[in-house]
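Use these hints to put chain B onto chain A, whose structure you have.
There are 2 protein chains.
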Amino acid sequence: MTSEPIRAVTFDVFGTVVDWRSSIIDEGERVWRAKGVDVDWPAFADAWRGLYQPSMERVRSGATGFVPLDVLHRQNLEEVLARFGVTHLSDDDKAQLNRVWHRLRPWPDAISGLTRLKTRYIIATLSNGNIALLVNMAKRGGLPWDVILGAEVARQYKPHPDAYRNSAAALDLPPGQCLLAAAHNSDLVAAAKVGFQRAFIARPTEHGPAQSTDLEAEHDFEIVAEDFNDLADQLGCG
Amino acid sequence: MTSEPIRAVTFDVFGTVVDWRSSIIDEGERVWRAKGVDVDWPAFADAWRGLYQPSMERVRSGATGFVPLDVLHRQNLEEVLARFGVTHLSDDDKAQLNRVWHRLRPWPDAISGLTRLKTRYIIATLSNGNIALLVNMAKRGGLPWDVILGAEVARQYKPHPDAYRNSAAALDLPPGQCLLAAAHNSDLVAAAKVGFQRAFIARPTEHGPAQSTDLEAEHDFEIVAEDFNDLADQLGCG
Numbered sequence: 145m146t147s148e149p150i151r152a153v154t155f156d157v158f159g160t161v162v163d164w165r166s167s168i169i170d171e172g173e174r175v176w177r178a179k180g181v182d183v184d185w186p187a188f189a190d191a192w193r194g195l196y197q198p199s200m201e202r203v204r205s206g207a208t209g210f211v212p213l214d215v216l217h218r219q220n221l222e223e224v225l226a227r228f229g230v231t232h233l234s235d236d237d238k239a240q241l242n243r244v245w246h247r248l249r250p251w252p253d254a255i256s257g258l259t260r261l262k263t264r265y266i267i268a269t270l271s272n273g274n275i276a277l278l279v280n281m282a283k284r285g286g287l288p289w290d291v292i293l294g295a296e297v298a299r300q301y302k303p304h305p306d307a308y309r310n311s312a313a314a315l316d317l318p319p320g321q322c323l324l325a326a327a328h329n330s331d332l333v334a335a336a337k338v339g340f341q342r343a344f345i346a347r348p349t350e351h352g353p354a355q356s357t358d359l360e361a362e363h364d365f366e367i368v369a370e371d372f373n374d375l376a377d378q379l380g381c382g
Numbered sequence: 145m146t147s148e149p150i151r152a153v154t155f156d157v158f159g160t161v162v163d164w165r166s167s168i169i170d171e172g173e174r175v176w177r178a179k180g181v182d183v184d185w186p187a188f189a190d191a192w193r194g195l196y197q198p199s200m201e202r203v204r205s206g207a208t209g210f211v212p213l214d215v216l217h218r219q220n221l222e223e224v225l226a227r228f229g230v231t232h233l234s235d236d237d238k239a240q241l242n243r244v245w246h247r248l249r250p251w252p253d254a255i256s257g258l259t260r261l262k263t264r265y266i267i268a269t270l271s272n273g274n275i276a277l278l279v280n281m282a283k284r285g286g287l288p289w290d291v292i293l294g295a296e297v298a299r300q301y302k303p304h305p306d307a308y309r310n311s312a313a314a315l316d317l318p319p320g321q322c323l324l325a326a327a328h329n330s331d332l333v334a335a336a337k338v339g340f341q342r343a344f345i346a347r348p349t350e351h352g353p354a355q356s357t358d359l360e361a362e363h364d365f366e367i368v369a370e371d372f373n374d375l376a377d378q379l380g381c382g
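If you read the protein sequences in the order shown, they are chains A and B. Per my numbering, the first sequence runs over residues 145 to 382. Per my numbering, the second sequence runs over residues 145 to 382.
Hint data in this document are derived by calculation from the structure and do not stem from the laboratory. Do not take every clue at face value.
Any copy, or any two copies together, can satisfy a pair, since identical chains are not distinguished.
In silico BS3-like pairs for lysine-lysine, Cα to Cα no more than 30 Å straight-line [stated by the list, open to error]:
id: 1; residue 1: 337; residue 2: 179
id: 2; residue 1: 262; residue 2: 283
id: 3; residue 1: 262; residue 2: 179
id: 4; residue 1: 238; residue 2: 262
id: 5; residue 1: 238; residue 2: 179
id: 6; residue 1: 283; residue 2: 238
id: 7; residue 1: 283; residue 2: 337
id: 8; residue 1: 262; residue 2: 337
id: 9; residue 1: 179; residue 2: 283
Computed from a predicted structure; not experimentally measured.
Only chain A is shown next, with the shape it has when bound in the complex (with noise of 0.2 Å):
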């Protein structure tokens, strides 16, 4: 097979390039549990992400229109909030709670693979969240972007087609030259049917230490890494 150049290196955001998990813990039990929140963090976290498929299926089935990340976090924040009985927060409290997910931390590779990727590809957010999130936490944890690219651009939530075609289209770049790294197999799947070309990224630890899925590459991907700077490495960045 022949492929063709790759002009755009395109990421997948929470669990590829931040720790989602580990992040939403740390401030829960630093900040949040000092304001009342005594909850088990690791759970909460774990409760929190797992609406996160669920509500965006309301939107990528048509059910309702398209709506920001920052919005459905919130609505699953509401029900997480009632499960753990957790009733005293205020409008302003759960606001800010909410914008936690501006605030998650890169992995430790990330800032520099992807500053060293920089040099030789457009390198683009093909994430689930929103720009305000996504700017707000390249800001805060220092990730290079040349374009926040994704969900709210497309106007279509991952695995999605159209997250993945609306996206290259932006960059007015045919799918085949644009690459989407990951860490998780079924999104690297959905690019494909697309025409996108695809690299593996393990993140064994995601999910936290009992982690049982994607811990390895499943199909036959263009790439597979280490990290992302064993990636810049195999994409041939000094």
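Chain B in isolation, oriented as in the chain A frame:
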């Protein structure tokens, strides 16, 4: 009047950040004359740009749905080529010439000023250019945007209020926490109608040596700056 704290500094691009006219003339005389496009390049550049506002007005008025600026530029190019009697270009040549808008050069102060502003603020395009155009321009010219906003994200062309309003909304910021920096009085007046703060930076040769418009601030804008480094000074950036 008490201003809100500024969180994002957004920029008009054509004329304010990049010198579209001299870039087109230079490429025309250097590259396209050798390919047989032996026209008066200053006149050609002005004619092409002259069709810019009328073409966007079809979208703003609702006569047509949103189409990205690359498409409008290409339609306008066909018209200008015909007007100047250029009939021999292939479709590939025309596509390549149309992308001169992706290759516009920054004004000399743009990169240093933006780099300083980026240390304190979200720096964003708020341009009628489409995403691909603005990303390619940034990669080539070294413009360090945090995020590409404007017509394609807002699905509306400036000076329609939705272009500004939807760009602020994409950042999840009240318009009053956004500042528009522009070399065009009319752009700033339109932005203020939805609540943006404003900085005027004169670009007295944008339209060539005989420019007669936008030579100075015509309204009581929050900031009038000599160039982007003066803007960074006035906004407290080291």
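Hints, verified against the model:
For a Cα distance limit of 30 Å, the shortest separation of residue 337 from residue 179 qualifies neither inside one copy, at 46 Å, nor across copies, at 40 Å. With identical chains, the CA atoms of residue 262 and residue 283 are at most 30 Å apart both within one copy (16 Å) and between copies (9 Å). Taking the closest pair of Cα atoms, residue 262 and residue 179 never come within 30 Å of each other, the shortest separation being 40 Å inside a single copy and 33 Å across copies. When the C-alpha separation of residue 238 and residue 262 is checked against a cutoff of 30 Å, the pair qualifies only between copies, where the shortest distance is 29 Å, while the shortest distance within a copy is 36 Å.
Within a single copy, residue 238 and residue 179 get their C-alpha atoms as close as 11 Å, which meets the 30 Å cut-off; across copies the closest is 62 Å, which misses it. Taking the closest pair of Cα atoms, residue 283 and residue 238 come within 30 Å of each other only inside a single copy of the chain (22 Å); across copies the shortest separation is 39 Å, beyond that limit. In this assembly of identical chains, the alpha carbons of residue 283 and residue 337 lie at most 30 Å apart only when taken from different copies (28 Å versus 32 Å within one copy). With identical chains, the CA atoms of residue 262 and residue 337 are at most 30 Å apart within one copy only, with a shortest distance of 26 Å there and 38 Å across copies.
For the identical chains of this complex, residue 179 and residue 283 are intra-copy neighbours only, at 26 Å inside a copy versus 45 Å across copies, given an alpha-carbon limit of 30 Å.
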